[in-house]
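Student: Chains A and B are the protein sequences, given in the same order.
Our numbering applies: residue 1 is where the first sequence begins, and numbers increase by one.
Our numbering applies: residue 1 is where the second sequence begins, and numbers increase by one.
Accuracy of the hints is not assured; some may be wrong.
[Unchecked claim] Which chain B residues stay away from chain A? Per the calculated CB distances, all over 12 Å, these: (1) 152; (2) 165; (3) 514.
[Stated by the list, open to error] Stretches of chain B that chain A covers, calculated by requiring three or more beta carbons in the stretch to come under 8 Å of a beta carbon on chain A: (4) 128-140; (5) 166-178; (6) 338-351; (7) 376-385; (8) 415-429; (9) 469-475.
Calculated directly from the structure, the hints in this document are not laboratory data.
Ideal Cβ positions, reconstructed from N, Cα and C, are used throughout, including at glycine.
Each chain is listed here by its residues.
There are 2 protein chains.
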Amino acid sequence: MSSPDEPVPEAVPEPVPDRHDHATGEVTMLPPERQSQIIEEIKAVAETRGDDSEVFDLIDIPPTGPIPIAAAVETKEDDDALALDDLRDAWPLLDLEERGDGLRVLPREDAEEFFIALTPRDQADLLLYFRPGQRRQWMRLLEPDDVADVIQQAGEANRQTLLALLDDPTRKEVLALLAYAEDEAGGLMSTRYARLRPDMSADEAVLYLRRQARAKLETIYTAYVLDGAQRLLGVVSFRDLFAADPKAKVSDIMTTDVVRVTDEMDQEAVSRVFAANDLNVVPVIDADGKMKGIVTVDDIVDVVQEAATEDAQKFGGLEALDMPYLQSTRREMIKKRARWLAILLIGEMFTATALGFFEDSLIPILSLFLPLIISSGGNSGSQASTLVIRAMALGEVRTADWGLVFRREILIGVVLGVILGSIASLRVFIWGEAGAYHHLSAGSHFAIVGITVACAVVGCVMWGTLMGAMLPFVLRRLGADPASASAPLVATLVDVSGIVIYFTIAKLILSGVLL
Amino acid sequence: MSSPDEPVPEAVPEPVPDRHDHATGEVTMLPPERQSQIIEEIKAVAETRGDDSEVFDLIDIPPTGPIPIAAAVETKEDDDALALDDLRDAWPLLDLEERGDGLRVLPREDAEEFFIALTPRDQADLLLYFRPGQRRQWMRLLEPDDVADVIQQAGEANRQTLLALLDDPTRKEVLALLAYAEDEAGGLMSTRYARLRPDMSADEAVLYLRRQARAKLETIYTAYVLDGAQRLLGVVSFRDLFAADPKAKVSDIMTTDVVRVTDEMDQEAVSRVFAANDLNVVPVIDADGKMKGIVTVDDIVDVVQEAATEDAQKFGGLEALDMPYLQSTRREMIKKRARWLAILLIGEMFTATALGFFEDSLIPILSLFLPLIISSGGNSGSQASTLVIRAMALGEVRTADWGLVFRREILIGVVLGVILGSIASLRVFIWGEAGAYHHLSAGSHFAIVGITVACAVVGCVMWGTLMGAMLPFVLRRLGADPASASAPLVATLVDVSGIVIYFTIAKLILSGVLL
């Protein structure tokens, strides 16, 4: 790990602009007819997907009137060329070879821009797909933190191949980043931030940052003031330096009360620090108080999206997919789904066991309402668990709040149960009055069956609500992800207990009448 | 709506730093004993919630060694004072009065910082709670886009009261922002962006921005180049201006190929534009091509969080809550939950109807497996709908992809069905062999019942998977939110059809044997 005492703009590798002809020289290597064939194929795929009006209406934006300067750009786009948007539209449906071809036929600059904006997984796949001679140029487009993500995605087997593409200082930086777990703040951070000395003047600082403006720093707009041992003394915005008296010392302009995160902090926790403090960038500190890097808010958007996706998938009752839906293979998909379904099925088998205990109560007029009763419990349970899981994810509800949530939900559960129970029994009375159950044995006792159903719904809804609300706390307590309190899991648990509730109430009320 | 031809730093109201004594003069107005009582109460609440180690470990960060400059700040914090973190910890559990008191006892600067970082809803509540004489100072802390959010949250009745607190130019800006729907790009944007002319030199531009550095612009680091009619010609980063030849014209430095959004674009679509292009800030253009403002990535984090919360709540089978869990009243909570539960219950009543059709098949040995079979369909359906809803939200799957998803899921559904069906029938065979069903009428036919159960599980899982995967497409087609294809809704639909599938298969296989 490098911990230079001086800011090291020298160590920052230059981007590749001076080697344009090498960079994507492949464009000229494709015969023209092959090129137009590729373009046509990709355009056709893009066409079938169309614009999802709800998703993307960038295309509808009218040109901003007479733009003399932009005109040159616009004429450049002839109809035969592949537009960035076409490739972006078609991308999820293309295989690796088609993707590589698509990048080849794009203008160099567009291709690079497109490549940089891809997910680390796609970047990793493409890098490994490219011929060894070409990998280096693509790899050089990426910042060290992005390279680290790519290498993580590419897996252990390809680690050395990819690391070999880097120059020495970058490889050092990347190795330092790879030491962090994927979900730690350290895995998100960029090591290329602007550093200042406390005893510089504002003017010197501005000049120094101006010199760094061409370097590949993540941002020059927020600079960190470090002492000789790389410890963070304060932060200063470029704007403040700029607005200050040129002779003022950096140490007098800087803010010393800096919100910071540790390098081993969980990324979701980092995202909550961003939200709670309305930050754009946060410094990352290690256990010794040394500054290691910065995390910027644009990376936090990805963290938030990924966390939401993971939670949604867990809540839906499957393992987190970790890749886009259309890009996962059927095999992976089945594996990630079958495991949970099988576990749930085994759980659900206890319904048969439970029903076995009440076999003499399994008379048709009671069986008729069984799915209705147990599912009302499952539904209210899945509502409650959604609310608690999401509030936990946002940091609104903490583990210590379980008592509060318990009291709240028990009351809500009773009210909801009474509402649903009334509706359900009404249905039984009306249908019963209309003679719907007369041909069933004991069908004439529909009134008392209606009361049984009402009581069972109240019991199941209350129980389901409580189970749904408490399960996330239990899971977190056990060290598991609260989001695993999925709708199907809650429904399964409530199904089994719902059967017990229903038939126990039925035995109490109907014993001697029907049973 | 103001569309000034010139950049209008003059129109930007100054912040209130020169009126410190007025700003939160209340601190001195509270008697000391009342003040320490408040502090103690809030600290006690904060204590009970503790630190959610998983959520927040900021506190564990070691001090960054000997910091001469920061020392002054640290000694300031005596034990009697209320720390920002305490108030933040206690906040969700405090009522309005306690919150107001909490802000009063904080040091002025901390209180302002805390207030600015609150949600618009909390800000609105507090503003209306403050005495009229104090509202203005708090309101002035907020940027126009934040004021617009506050006014939207405060509701129609308080609109005029709050608007009256603003000075004329700010009110004009806020009114322009309020014209946008809450979920449109226009509702997110800031009108305070840096504007440049194309014919300025780089040096002039830097100087001009330097002068604006003290103004309340959202950012001076990205400047937009506009023509006389406010149309966007290009964008230039401060960094580029800074690194360029001082005599170069802005029009030669700027990028003309600017990703932009329209003011009426949906906010979630804007967030996808940010993600697809790795942006930090995006210009907002109206239908005439005029630049209206900018949206910055930190606002996008909130959009993404809110969208994820809304989708999660819809998927959990309730209406979007639109406020933190602990802060919603029980009444609202019950309303938002009861409606969907009642609808689902009514849907679930069709299970009774369906069972009615098969009443002569409702023999105990078949009823035993009913919950197991229908819930395996519901579980696989909720998996499929989660995957599709989330992929739609991320823009990975578009409406036009339904055919693709259909083919994919039908295959996956069959494989999953076969896996689960085998497990389920195995259970029936083993229990049957062990004599578990012998005392039931027809219990000796367990082998053929096992086959029936297996076939029913295959059918239900396949059907559930398809329903779950297709329902989001259907809902989107109907103009509804795909996220409404909730786990409970899918489960309910699959319950009804699962009964039909099960007993139809049973009739086919068992007719003449048991039925």
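Student: If a hint holds in the structure, say so; if it doesn't, say that too.
Tutor: Going down the list of hints, with the structure as the test:
no. : hint    : verdict
1   : 152     : holds (19 Å)
2   : 165     : holds (22 Å)
3   : 514     : holds (15 Å)
4   : 128-140 : violated (count 0)
5   : 166-178 : violated (count 0)
6   : 338-351 : holds (count 10)
7   : 376-385 : holds (count 7)
8   : 415-429 : holds (count 7)
9   : 469-475 : violated (count 0)
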